[in-house]
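A.B. asks: Residues per chain, in single letters:
There are 4 protein chains.
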Amino acid sequence: MNPPTDAVRFRVRYSDTDQMMTYYNARVLEWFELGRNELIRALGKPYRLWEQEGVRLPVCEAHVEFDGPAQYDDLLRLTTTLSMPSRARVRFDSRVVMDETDRPVCHGYTIHAVVDPGGRPLRPPAWMTEMLTVRNDMR
Amino acid sequence: MNPPTDAVRFRVRYSDTDQMMTYYNARVLEWFELGRNELIRALGKPYRLWEQEGVRLPVCEAHVEFDGPAQYDDLLRLTTTLSMPSRARVRFDSRVVMDETDRPVCHGYTIHAVVDPGGRPLRPPAWMTEMLTVRNDMR
Amino acid sequence: MNPPTDAVRFRVRYSDTDQMMTYYNARVLEWFELGRNELIRALGKPYRLWEQEGVRLPVCEAHVEFDGPAQYDDLLRLTTTLSMPSRARVRFDSRVVMDETDRPVCHGYTIHAVVDPGGRPLRPPAWMTEMLTVRNDMR
Amino acid sequence: MNPPTDAVRFRVRYSDTDQMMTYYNARVLEWFELGRNELIRALGKPYRLWEQEGVRLPVCEAHVEFDGPAQYDDLLRLTTTLSMPSRARVRFDSRVVMDETDRPVCHGYTIHAVVDPGGRPLRPPAWMTEMLTVRNDMR
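Residue numbers (our numbering), protein chains in the order written: chain F, -9 to 129; chain H, -9 to 129; chain L, -9 to 129; chain E, -9 to 129.
Source of the hints: derived by calculation from the structure; they are not laboratory data. Check the hints yourself; a few may be wrong.
If several chains are the same, the list does not tell them apart, and a pair holds so long as it fits within one copy or across any two.
Here are the computed lysine to aspartate or glutamate pairs in the DMTMM-like style, where the Cα-Cα straight-line distance is at most 20 Å [as the list claims (entries may be wrong)]: (1) 35 <-> 55; (2) 35 <-> 64; (3) 35 <-> 106; (4) 35 <-> 63; (5) 35 <-> 90; (6) 35 <-> 92; (7) 35 <-> 120; (8) 35 <-> 57; (9) 35 <-> 51; (10) 35 <-> -4.
Just so you know, these numbers come straight off a predicted model, no measurement behind them.
Just chain F, with the same shape it has in the complex (with noise of 0.2 Å):
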């Protein structure tokens, strides 16, 4: 039994970099956002869903460690995985690799509160544990 996950590839852009000549650290929270967008839309309920049946998943904490540098227009690879280590959170990690060689860029965390859209903590619904748990069982 594998945790859902999901890898999309994307290009660094200009607007991603800076003057120390590599991406700029708080783009990688962009990145992860990314990340997390795809492997939910994957799972098969895109996070735009969630929120219209008023689930939310605020960001609680993120965690990023910086491996390498990446200049701009390097293809990149970001590999999330999902997993929930209480009935209240959410969380995916991360890790962005070359895509071509496998040298880190990057790895870190984000973890997400479940609330209703007036941001109170809310117990989960069936459909989002199911779908979570369906996917542990297929994969």
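We have chain F already, so just place chains H, L and E on it with the hints.
C.D. replies: Frame of chain F; chains H, L and E shown alone:
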């Protein structure tokens, strides 16, 4: 009678730079926003109160010309001038220079619609036109 | 004879949005960058190779008109068209629509100088004008 | 003996917000950068001069915990504290609160390597350790 105008000083952040060793072009529109906010605040009613009274100024059009480079930590001075080309439009002209030498960095403008929270065109309320007109007379 | 043109599809990221529930205006210039990159790549020589051969295209002027809202996760289609208004200038016209309905989201252009790594005006090298001209003939 | 610390005030920009009606998570790392810059400046030698003398502090690790929302135009206070967990590492602890009420907004840290312009580990020069030590004694 001079139009309402205001200047703010700020430093180029590392996050504003790119690997061409100058500020990244899109960042200028964030700087222009900063200047609009502070000009509107100086006129006596911060934009967030405009929103609370149901007036929004979404950007319809933005234009930037890039006059010269600026590096991380350079102290810049942004001058913003407001005008109303019509009852339905507010225009902000923005000019950024090196604070110490007045060397041009970039300039441009944004044009904004006057709309209600639903995005429908709105006749500017009396307090809005008065605020702008009074300031015009005062300066 | 048609000018070189190319289309890319991308989704609105959460990081592209603001609290007015649409994309933040400055983000459009990052989207335009994405379109330029992919058009230049499609012409046969990625921009990073231009830089390695000593040709840079800094933005001189940028213009955006905002045609309608777009929300998080909307699938957009960006069409970019290249032209050379003079030997010293390259212009990219950009148009973003909702991919499914063709409803306009925003459009505009950027104008770029042709310079060497030191920022001095450069006569476009033969491969550059040929690449653009050949493509013109081919399409 | 207290560690070097400094506080800066700034307002949430529209560009910092997202459609969840609070600040976008990645923006916090840009705020932390602002706090580091101003703390280093307050210690007597702006970071850009560190770079000119061949000392760079790339981010190795970043951590953020999100404590509460903040809206457009809220006035925030960011307190940054510097420490050297080893000769090869500099750490900045950052804490953001609502300026008026001290209500927590977010907190975290960044850990930085000390490297030369080529990215190789560097023994911190005497002026650097002295600057930090002297300030420690003075406060």
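A.B. asks: In ascending order, which of the hints set out earlier in this document are inconsistent with the structure?
C.D. replies: 1, 6, 8, 9
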